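**Q** Following this note's numbering from start to finish, the sequence shown increments by one per residue and tops out at 77.
Because the hints were derived from the structure by calculation, they are not lab data. On a predicted model such as this, the values are computed, not experimentally measured, just so you know. Glycine residues also receive a C-beta, built at the ideal position from the N, C-alpha and C atoms. Every clue listed holds true.
With beta-carbon atoms standing in for the labels, derived distance ranges:
| hint | residue 1 | residue 2 | range |
| --- | --- | --- | --- |
| 1 | 13 | 48 | 15 to 25 Å |
| 2 | 64 | 25 | 15 to 25 Å |
| 3 | 13 | 40 | 27 to 37 Å |
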Amino acid sequence: MKALLFSRQDAARLLAISLRKLDQLIQSRQVTVIKVGKRTLIARVELEKFARRGTCVKNGGRNGK
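Based on the sequences and whatever the hints tell you, model everything.
**A** Okay, structure coming up:
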């Protein structure tokens with residue numbers, strides 16, 4: 013059986029992005045989370061939906077782009 017919910021770490025690994033980038037996506041509401049007690053989980057369907065969208069928020073990082 014495929015997992016339905018993933019931790020932030022596992023979700024970032026599946027999307028091939030950093031945990032910091034995933035947190036930015038969560039904060040900007042581009043990825044929706046499920047809170048179970050103190051745990052933050054992300055549904056498989058949510059990860060697939062984001063991956064199909066094919067775009068990401070601009071990185072306001074060091075290059076300022």
